[in-house]
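Chemist: Sequence:
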Amino acid sequence: MILVDGSPIVDGRSSVKPSEVLKKLLEHPNLVDAAKKFRAAKVVRIKPPKPSGNGEGEEPDAETQPADSKFVYVFQKECATVASEIVQLVGTDEMTTCVGLVIRNPATGLTSVGHFDTAAYAAKGLEQVIASHNLSEPTVLQVHLVGAYDDSRDHYRAGHAGDEVQSRYSLPLSLKIIQALQKSKHKFEMGYLCILQHNTEIGSNEHPCPSVRGLVVETKSGAVMPARFEGGARGPDSTVRMVCTTTVTSDPSWDTSLLSPYQTHSDSYLIKPSKWSKVYMTYAPYMLSLNDEDFVQTFSSSPYAEGPEFVENCRRIFKYMLQFPDWKHTFPAGKPREFVRTDEGGWVQRQHSP
1 MILVDGSPIV DGRSSVKPSE VLKKLLEHPN LVDAAKKFRA AKVVRIKPPK
51 PSGNGEGEEP DAETQPADSK FVYVFQKECA TVASEIVQLV GTDEMTTCVG
101 LVIRNPATGL TSVGHFDTAA YAAKGLEQVI ASHNLSEPTV LQVHLVGAYD
151 DSRDHYRAGH AGDEVQSRYS LPLSLKIIQA LQKSKHKFEM GYLCILQHNT
201 EIGSNEHPCP SVRGLVVETK SGAVMPARFE GGARGPDSTV RMVCTTTVTS
251 DPSWDTSLLS PYQTHSDSYL IKPSKWSKVY MTYAPYMLSL NDEDFVQTFS
301 SSPYAEGPEF VENCRRIFKY MLQFPDWKHT FPAGKPREFV RTDEGGWVQR
351 QHSP
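Residue numbers for the sequence shown, in the numbering used here: 1 to 354.
By construction, these hints were calculated from the structure, which means they are not laboratory data.
It is possible that part of the hints are untrue.
[What the hints assert, rightly or not] Dumping the calculated PhoX-like pairs for lysine-lysine here, alpha-carbon to alpha-carbon at most 20 Å:
hint	residue 1	residue 2
1	K220	K23
2	K36	K23
3	K24	K187
4	K17	K220
5	K319	K278
6	K124	K183
7	K275	K183
8	K24	K36
9	K220	K70
10	K185	K124
[Claimed, not checked] Simulated restraints, written as ranges between beta carbons of each label pair:
hint	residue 1	residue 2	range
11	S250	P308	22 to 30 Å
12	K272	E27	39 to 47 Å
13	V43	M281	33 to 41 Å
14	E344	V44	17 to 25 Å
15	P332	L288	23 to 31 Å
16	Q323	D343	25 to 33 Å
17	P332	W254	14 to 22 Å
18	S221	H352	32 to 40 Å
19	R168	W254	20 to 28 Å
Please read all numbers here as calculations on a predicted model, not as lab measurements.
No residue lacks a Cβ here, since even glycine has one placed at the ideal position from N, Cα and C.
Use the sequences and the hints to build the structure in full.
Modeler: In structure tokens:
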């Protein structure tokens, strides 16, 4: 059930349509005001210091840059739950039609961030995030939703009118998340609802785009801020993790769960194998042959709203797959890749005996 200022947004859990619940939330004056303040807040730039040696390369065993404080970054199709006594910050960015979801237990400080990109997997992903809190009884949790700009406005610019105007990604995803929250046995106190019309502006290219693309949570206080993660601040093995999130939908062993490489209690990463198909050996050269404009039009759900790093980051994925076409090279003997945090705050891969 969803609460606003301690009161249910609607009576009952399942009798009201998700669209009606979302409408009430989007029109609630306190949530509207909170979204305005969130959009106006200064974006926190999270960037580790320059590496003293070689930075992260394309080789699978490269060590990442050290960080000033302990934080965890969540990629698209990932989720992470962190303990406040171990990790100070957790967040995600590069959201356009995706939703960044925060769930925090104020009693324990346990904080989860999920980066949802598809309505079809939203309900299961939310269940997965909630389950990571190991709650035996119905509990009041804090929740925030950020991202999912109003992509229906793109259709106006394309000449559609009236009933033809629909959101392709943002609205269906938002509705699924709201539906799952409302049906849950737990109670979710809504904090920031910075999605859809509350997270949309006209960009420099005169197309709609998100006002806020990322978030970070201070785990001890629960404060949520707009954020951008830069450089090596996206955690260990970033290229391999992006390859996994890109290819996992073609892996027959995937159960539609969000990937959760971060291990809460050991403060480590366990990156499980993604068995990417060799069909990518045809697709990767094709994608790399495209110019930047055609690349983003082909690969993005929101080609006019992507940030400046989108094409570069996605090209890294296809370059990696060309360099290492067999997933077994990255995951010898089908074993996960494990990274542990160093005393300086960076990450190093733990080597296992063959």
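Chemist: With reference to the structure, classify each hint as holding or not holding.
Modeler: Do the hints match the structure? See the list:
1. Taking the CA atoms of K220 and K23, the gap is near 31 Å; set against the 20 Å cutoff, the hint is violated.
2. Note on K36 and K23: the hinted pairing holds, with a Cα-Cα distance of about 17 Å set against a maximum of 20 Å.
3. The straight-line distance between the Cα atoms of K24 and K187 is roughly 17 Å, inside the 20 Å bound, and the hint therefore holds.
4. Simply put, K17 and K220 have alpha-carbon atoms about 35 Å apart, too far for the 20 Å limit, and the pair is violated.
5. With a C-alpha separation of about 14 Å, the suggested pair K319 and K278 falls inside the 20 Å cut-off, and the hint holds.
6. Between the alpha carbons of K124 and K183 the distance comes to roughly 13 Å, so the proposed pair stays at or under 20 Å and holds.
7. Simply put, K275 and K183 have alpha-carbon atoms about 34 Å apart, too far for the 20 Å limit, and the pair is violated.
8. Between the alpha carbons of K24 and K36 the distance comes to roughly 17 Å, so the proposed pair stays at or under 20 Å and holds.
9. Distance check on the hinted pair: K220 and K70 sit about 13 Å apart at the alpha-carbon level, within 20 Å; holds.
10. Of the supplied pair hints, the one linking K185 and K124 holds, its CA atoms being roughly 15 Å apart against a limit of 20 Å.
11. S250 and P308 have their C-beta atoms about 28 Å apart, which keeps the hinted 22 to 30 Å range intact.
12. Between K272 and E27 the CB atoms are about 42 Å apart, so this pair conforms to the stated range of 39 to 47 Å.
13. In this structure the hint that V43 and M281 lie 33 to 41 Å apart at CB holds, the actual value being about 39 Å.
14. One distance hint, 17 to 25 Å for the beta-carbon pair E344 and V44, holds here, with the actual separation near 21 Å.
15. Restraint check, P332 to L288: a C-beta distance of roughly 26 Å satisfies the suggested window 23 to 31 Å.
16. Evaluation of the 25 to 33 Å hint for Q323 and D343 yields a pass: the beta carbon distance comes to about 32 Å.
17. Evaluation of the 14 to 22 Å hint for P332 and W254 yields a pass: the beta carbon distance comes to about 20 Å.
18. One distance hint, 32 to 40 Å for the beta-carbon pair S221 and H352, holds here, with the actual separation near 38 Å.
19. Hint check: R168 to W254, Cβ distance near 23 Å, so the stated range 20 to 28 Å holds.
Hint check: violations occur at hints 1, 4, 7; the rest are consistent with the structure.
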